[in-house]
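Enquirer: Keeping their order, the protein sequence lines are chains A and B. Sequential numbering from 1 applies to the first sequence in the numbering used here. Sequential numbering from 425 applies to the second sequence in the numbering used here.
It should be emphasised that the hints constitute simulated quantities derived from the structure, not laboratory data. Just so you know, not all the hints are guaranteed correct.
Unchecked claim - Okay, derived cross-link-like pairs now, BS3-like style, lysine-lysine, Cα gap no bigger than 25 Å in a straight line:
#	chain 1	residue 1	chain 2	residue 2
1	A	K316	B	K605
2	A	K122	A	K132
3	A	K150	B	K582
4	A	K264	B	K582
5	A	K174	B	K638
6	A	K320	B	K585
7	A	K150	A	K130
8	B	K585	A	K319
9	A	K259	B	K453
10	B	K450	A	K174
11	A	K373	A	K143
Treat the numbers as computed from the prediction; the structure is a model and nothing was measured.
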Amino acid sequence: MNTLVIGLNHKTADIDIREKLAFDGPKLGEGLLTIRDLPEVKESVIISTCNRVEIYLNAGNTEKAIASIKEFIARFHGIRKESLNDALYIHHDIEAVRHIYRVASSLDSMVVGEPQILGQLKEAFEFSLKHKTTGILLNRLFKKAISVAKRIRTETRIAENAVSISFAAVELAKKIFTELPGKTFMLLGAGEMAELAAKHIMNNGVTDILIANRTYQTGCDLAKEFSGRAVPFENYPNELKTSDIIICSTGATDYVLTKSQMHKVMKERKNKPVFIIDISVPRNVDPEINTLDNVYLYDIDDLQGVVDSNIHERQKEAKKAEEIIEEEIETFARWLSSLDSVPTVIALRKKADEIKAEEIEKLINRLPDMKIKEKQAVEQTINSIINKLIHAPTVALKNSSEDKDILIATIKRLYGLEGNNEKK
Amino acid sequence: MEIILFELALTFYFAATIVCVLELFKGTKTTSLIMLSISVVGFVLHTINIIARYIISGHIPIANMHEASSFFSWSIVLLFFYLEYRYKLNLLGSFIMPVVFVMMLSSSMLPRTIEPLSPVLQSYWLGIHTILAFIGDAAFAMAFGVGIMYLVQEHYVKSKKLGGLFKRLPSLQILDEVNYKLITIGFPLLTLAIITGVLWAESAWGSYWRWDPKEVWSLITWFIYAAVLHLRLTAGWRGRRAALLSIIGFCAVLFTFFGVNFLLKGLHVF
Chain A
1 MNTLVIGLNH KTADIDIREK LAFDGPKLGE GLLTIRDLPE VKESVIISTC NRVEIYLNAG
61 NTEKAIASIK EFIARFHGIR KESLNDALYI HHDIEAVRHI YRVASSLDSM VVGEPQILGQ
121 LKEAFEFSLK HKTTGILLNR LFKKAISVAK RIRTETRIAE NAVSISFAAV ELAKKIFTEL
181 PGKTFMLLGA GEMAELAAKH IMNNGVTDIL IANRTYQTGC DLAKEFSGRA VPFENYPNEL
241 KTSDIIICST GATDYVLTKS QMHKVMKERK NKPVFIIDIS VPRNVDPEIN TLDNVYLYDI
301 DDLQGVVDSN IHERQKEAKK AEEIIEEEIE TFARWLSSLD SVPTVIALRK KADEIKAEEI
361 EKLINRLPDM KIKEKQAVEQ TINSIINKLI HAPTVALKNS SEDKDILIAT IKRLYGLEGN
421 NEKK
Chain B
425 MEIILFELAL TFYFAATIVC VLELFKGTKT TSLIMLSISV VGFVLHTINI IARYIISGHI
485 PIANMHEASS FFSWSIVLLF FYLEYRYKLN LLGSFIMPVV FVMMLSSSML PRTIEPLSPV
545 LQSYWLGIHT ILAFIGDAAF AMAFGVGIMY LVQEHYVKSK KLGGLFKRLP SLQILDEVNY
605 KLITIGFPLL TLAIITGVLW AESAWGSYWR WDPKEVWSLI TWFIYAAVLH LRLTAGWRGR
665 RAALLSIIGF CAVLFTFFGV NFLLKGLHVF
């Protein structure tokens, strides 16, 4: 039984290679079933996302399995085998366990701590379960990886801080206003970035949206998309009084919001707080506005700064996560070694001896005046019964190479040997 | 017996304060639950202590500085529980339990003897006047704590350095709202306390107002909070300025309570 992972990710392969090697749509089922039938492959799971393609295996002979998988990948995706060598990484046994733990808990992701990968990993596992390509090893490995990822999620703050500009903006808005629903939101100028931020803000429950764009028609189109209201660009100053959140990206070369203008607006608003996000370069909002009470102005660099420091936070948390992973690897390694045939044979023998000792003691208690000779005879008989009973399973354990892990698991289960070796 | 209760309450408040301060560094749901349970135990012991003193002395136990500080702390904790229940402001305890502890500590260092009430104070006004005054002051103490929380959070947002407590402190808007709410509770109580004081003074000393230092400072405090409310409603002084004013206001409260007694001599026993 050999744990094996062969794959590539954003660090080892460019997007065009990843694209070519992706198992998307019907390819996933096709690929999985082909791999299942390869020699030396006992169990398999394919994870295929936009940032990684990985094949997890329980292999008989590792060398042969690697060769046939490489062959398969090249053939299946129609590329030359040699071109794979640089992109592919291969991890064995404990290294493979470490790898999947790191992948599941998003330590191996492009954005450390992003939550999607765990879901993708679960899906891949469930897909394999449905197609019955997994068994005792990969079932355990994937379930463990999922629980390790969850443990890391709760015990560290790896996924806590926003690491994209739009998320950072929403996070800030929530610390300025208690609730976003009920707030009025104005989009001053429409660019791609502004739209993205707008979408995030709308997702957080803001329904009242105004769009003031230089090209009125574009504003109207956007308004339709967000079910908001377009206003002619010249009219935006009139709307400032009622706007709680303003995203500004007009492409103007001068300030469209000045300090004195904002000062007046704040008076009209009776100082109700305003959150202004200026994502235009050059800036469209006078930075001095931030000195006004109850006005909070963030420009693109400020938001980037927030994101950077959050990323730094995540990296610190990632260290804690790595420690947890080392701990969990040890647990898994113990389970793996308990699966080996030798400990199972020993455990089986031990169990038999325990039963024997117990029963002999009971017998002596019942028949205290048994002679030594008689006692020896009884013991001998018991011994030979035991030996004959456990002979067949012992031989089977020692000899079988095919389906050995299933056999071990079955014997452990039938004789009640589970748990003894594992939980210590 | 009632002394032991007081000491126990003080100890529990101290423990709660320690947990509160630790919570600033690393807080979870469990720590705040521990803090709350410790405070509740302290509060129950404290309440029994106050009742015991009432039974022993036969009058409302707010007749000397020790009792007054103790009752002041008690009112703050009571209000703290109300806010926890009503608003669940994260980290509020860290900003208010230290105030309670310091107040209790000063109470513990003042003479605790139960003395017979001087004839001047023997009146039903004693209970009404002092309870109104202290619940009002407790609301101002809470507003002070919430005001500090506001300033800390505002500093994070304005300076654009979102580390430290930024994540765990409540939003600016809710802090501002609660600060305002507390002052609208405290102000009418203070007003009533002054009115009952005036009426009591007339019946006890024969004149409504004698420009006693305590009276003067109460009036100053009243003007500060009147200004907070007035500026908020007319000039829209909210947020940072309102928080600052509520902090200044509480300093006036503290001076009226402690400073006047120790620095200036007057008719008020406390």
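Enquirer: Sort out whether K585/B lies within 25 Å of K320/A, counting only the CA atoms.
Expert: 24 Å, holds
Enquirer: Does the structure keep K373/A and K143/A at a Cα separation of 25 Å or less?
Expert: Outside the cut-off at roughly 55 Å; violated.
Enquirer: Between the alpha carbons of K174/A and K638/B, is the straight-line distance 25 Å or under?
Expert: 44 Å, violated
Enquirer: Keeping to a limit of 25 Å between CA atoms, is the pair of K259/A and K453/B held or broken?
Expert: 42 Å, violated
Enquirer: K450/B and K174/A: Cα distance at most 25 Å?
Expert: 22 Å, holds
Enquirer: Between K585/B and K319/A, is the straight-line Cα distance small enough, at 25 Å or below?
Expert: 23 Å, holds
Enquirer: Do the alpha carbons of K150/A and K130/A lie within 25 Å of each other, as the hint requires?
Expert: 23 Å, holds
Enquirer: Hint check: K150/A vs K582/B, CA-CA at most 25 Å. Holds or violated?
Expert: 35 Å, violated
Enquirer: Straight-line Cα separation of K316/A and K605/B no greater than 25 Å?
Expert: 40 Å, violated
Enquirer: Within a Cα-Cα threshold of 25 Å, do K122/A and K132/A meet the stated pairing?
Expert: 15 Å, holds
Enquirer: Would the hint linking K264/A and K582/B be met if the CA-CA limit is 25 Å?
Expert: Since the Cα atoms of K264/A and K582/B sit roughly 20 Å apart, the hinted pair holds (cutoff 25 Å).
When held up to the earlier numbered hints, the structure conflicts with 1, 3, 5, 9 and 11 and fits the remainder.
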